[in-house]
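Given these sequences and hints, build the entire structure.
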Amino acid sequence: MPAVFLGVRHHSPACARLVADTVRRLRPAYVLVEGPADLNGRLDELALGHDLPIAVFSHYRDAERTATTWAPLCDYSPEWVALREGRAVGAEVLFVDLPSWHPAFELRANRYADAEARYAEATARLCERFGTGSVDALWDGLFEVAPADGLAERLDAYFDLVRGDAEADEGDRAREAYMADWVRAVLAEAGTATVLVVTGGFHTPALRTLAGRPAEVPGRPALPAPPPGAVSGSYLVPYSFRQLDAFAGYQSGMPSPAYYQRLWEGGPEAAADRLRRSVVARLRRRRHPVSTADLVAAAALTGGLAALRGHAVPSRTDVLDGLAGALVKDDLTQPLPWSERAPLAPGSHPVVVEMVAAASGGRTGRLHPDTPAPPLVHDAGARLAAIGATGTRPLTCDLTIADGLAASRTLHRLRVLGVPGRHRTAGPAHGADPVTGERWEAESESGRDAALIEAGAYGATLDEAAATVLAERARTTGSADAGLADLLFDTVLCGATALTDRLLTTLTATVARHPDPGALGAVLATALGLWRHDRVYGTARSPLLAAVLDGAVSRILWLVEGAHGRSGADPARLTALAAVRDALRHAPEQLTATRADTAALALRIARDPYAPADLRGAAHGLHLTLDVAALDAAALDVAALDAAGNLDSLGDWLAGLFALAREEVTADSGDGSLLAVLDAVLADLTDAEFLIALPALRQAFAWFPPRERERIARRLIERRGLRGSGRGLLRTTADPLHLAAARALEENVTALLDRHGLRSAR
Amino acid sequence: MNPPTDPDRRTDHPTGHRAGRRTDHRTDHPGRAAMTTTAEEQLQRPPAEVRYAEELAALRADDRDHRPPGWELSLRAARRFIVGDEAAGIARKFVGDPALVERALVTLATNRGLLLVGEPGTAKSLLSELIAAAVSGTSRLTVQGGAATTEDQIKYSWNYALLVSEGPSTRSLVPAPMLRGMAEGRVVRFEEITRCPLEVQDSLLSLLSERVVAIPELDGPEGMVFAKQGFNVIATANTRDRGVNEMSSALKRRFNFETVFPIPDLDTELALVEAESGHLLRRSGVTAAPDRDLLEVLVTAFRELRAAEGGDRPSAVMSTAEAVSVAHAVGLRGWYLRGEPGNAADLVSSLAGTAAKDSPEDLARLRRYLEQRVPRRRGAHWQAVHDARHLLAG
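Going down the list, the sequences are from chains A and B.
Position 177 of the first sequence, counting from 1, maps to 177 under this note's numbering, and the rest follow consecutively.
Position 322 of the second sequence, counting from 1, maps to 322 under this note's numbering, and the rest follow consecutively.
I should point out that these hints are in silico values taken from the structure, not numbers from a laboratory.
Possibly wrong hints are sitting among the right ones.
[Stated by the list, open to error] Only part of the chain B face toward chain A is listed, based on derived beta-carbon distances under 10 Å:
| # | residue |
| --- | --- |
| 1 | Asn111 |
| 2 | Asn256 |
| 3 | Pro264 |
| 4 | Arg377 |
| 5 | Arg378 |
| 6 | Ala380 |
[Unchecked claim] Covered stretches of chain B, as calculated for chain A (at least 3 residues, CB under 8 Å):
| # | segment |
| --- | --- |
| 7 | 69-81 |
| 8 | 85-99 |
Beta carbons are placed, not taken as given, at the ideal position from N, Cα and C, and that holds for glycine.
The following block contains the structure:
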């Protein structure tokens, strides 16, 4: 008897219902399900009685690549229903897909992502054919809210259209070949008994063809073994609707799990009604006005949209579109997230945020207590025992020795995972902190196992899980100033040596869009220091830091060239430029920006009349220090005099210059040197002008340490052919108030003498 | 060009919509219809209902679905007219999210006003024109909002010669688009509504909720004009102008907001720019097709600048329409200066005038983009644009 193929969409309640009906009707002897075949011996674990959603988490690591994949299961997953119903009718249920470590799943975080999303032309074809903007809206209209009769035939027609003549990629071909091997083998075993095959609809047309071919090797296909030396495993972890909804782009499955849960439980009317209620409740809780008139308008819109789109019952997008149309009274900055497969962007309209949250829901799954704990629990236990952190004794770690460093890393990884048990009371606070010891106090361990099981979803070892969490943090760190530098330091503290590409790319992407040059400067300085010198954490020359260096330099240069307008000297951004200078000096081979490019850029800023004075000065200094082609004295004069012409900006300009080119400024005092030009400018100031410029000048000269200030003083004395000590020029022995009083008295006397014509002509 | 059909009602009304009236009278004077059609063919840009008259007629003939009262087409047919239907030979006229068009149409059918908001150059006006043409068969009942817009340009004014000689009467009344839309049951377009003074905006309030305009000067039943089925308002507002935040919340409540976004994907936008600029160039007598690689550089640059955040974002509008006009300028320069398609140097030279307008900040942003971002891109055309960066004027 031929197999019965049932093509489904992952996480589709309509498909789940079809699977349940089919299993009950056919009572098959075998149910073959798209799921990792290495789990076949452990299907009892899945049937323990968990609160869904849960996920099968798989991890893999070899010398070249690490990969983590989730296979999320919720109440309305067709795969889950096939497993449950199949076992209920006494069928042998088998997972027939390749294990998650297989290269076919490379770069895929969600096993149950929609296959068609990876084939853009298929998606485009569908949308064009049906005149909708997104596949999700199309799917809902055709299947989720449509009457159930003829569902199987419509699904077949739909998936034939999706697959079309699209050539599957290499990974999908390998999986289809493997699944077809299983189908053939089980069909041979089954004889006259019924075999039901539940797989993603994208694969069904191919499986039908492949399964009809004669088997090359008789018997059930062997489980592919991971290459020698590789570590891999799969286990159950609790999952949440939030995580289910957080896959972006082609990783995503069906969005809005809370809506579909309700649809699975009570049908489309109930789901639409619940969604509407929950959005309104959320908005009113947030004190966003939602009037009855608005709700009438929303209902009218929803009804009209459903009729226009040919839905007997309003679908998810009908409800959301109706609510958005009636409740949003502003222009939006982003397209509505359900109109395209996009995650919610920062700055989204509050009404839209609440709507997405209401549709997504907050349910979290819980594993049955008898479920074997994920390896992270064992890994953490073993590591804590190894560093002797099991009791309540405080722990001190000397970071300069290998054991101390390892202990510190373990504890920091637990910290970033949010696992309670220990907290640090002393230790280095930032990358340049010269503290090499840490102290960790014990605290209550309650909730530790729960936290570890939850964190088990991030990785199999502490190392891996911490890297995943840090990558997630990098993605969510927006423009928070401290966030980025802290994140980088946490990465170093955790010794994220098993550096995942994900962490690297998210961190560099965060740097690349950070809006504040000051914060970036802090990150750059820290990263550069660690990259050059760090022996304690072993991060010197690490590729992570190199990537951060390059990203931060490019971004700072981009930002400073864009800064315009007037503002006082901003030490943070001057420090940032200084950090750029250091990076160009000490790590030029890591940077995309070359010395020549940067020098040209510095020149542009230095000559840009709209740039803030401090940046112009700093750019001037940067150009000097890069020493590509020395500025000629005339150009310098012009720049300095130009700055001096504007008394408000003279000090700021100098602050920028001194921040970048202290050494160059004090090096030479001959005619035409910078010092000479400045001296001339300052000497020409009237008393009143000098007083106006004084505060900014003080700030500017504060960039020089006392020793260099003394050197400047000495140079000035030499320039004027005088004798005396530079130090004497910098210090006053008398009280400044006395000096001021004396000066005032002197001015009074001069004025009096002038009034009576008693002063000799000067 | 257009002899007054009703000499006694001719006024110097600024939004007198002679064109609109002409359509109305066409049915009365079939002889003149032929003449006006020829005249319309010479127009620079005939209105949508003329440009797509055949499609509209075909859709109307095939329309089997229910039509909302006062509508010329059913919702589905109107949607097909705007979004296109390849099988039926209906061209796609609006490149954007079909769901937006659906929401807009349903909004109009539910007697709420429709407010299209968005960056300049996102085809809001085109969309409102298409919707009005599909729903009411005319897109000419239009109020152009501006600082000088007054209430009598929205509702009605008087032919003062007649007013003085005969007193107030329907003969001396000159209806403005809103009044005509209400009396005839048609969709009225209100362009750039947020550029009007607030009190003028608020004159729409009673009109949108009570659906009636009182003309106190006229006695009897003529003193109240009630809106017929089919009347509604599509307003457009620009996020770069005063914005919708300043609209009174009473008025906001009477509108459903739809934000129109720039085209989301590069290929679609590139194809549109290529087609539109090619069309413009042909009309300007240029036979050399624009260089596709160069257009890709242009469109990509526009998209990146548009997507920039905060202070990196140019204040000028980096819209698709603007990209088309740059592409047009590039083609013109290349053809009329050297007899070939425009090159990278033409692109850079054209950018300053068209994209940066007169803002030195935008020019600086553009220069920074050319200096820092362009060299990071691979490809000969990007390199050529980088090499030509010194041509950026200003």
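Going through the hints against the structure:
1. Asn111: holds (9 Å)
2. Asn256: holds (5 Å)
3. Pro264: Cβ of Pro264/B sits 7 Å from chain A, so the hint holds.
4. Arg377: violated (12 Å)
5. Arg378: With Cβ-Cβ at 13 Å, over 10 Å, it is violated.
6. Ala380: violated (20 Å)
7. 69-81: holds (count 4)
8. 85-99: holds (count 5)
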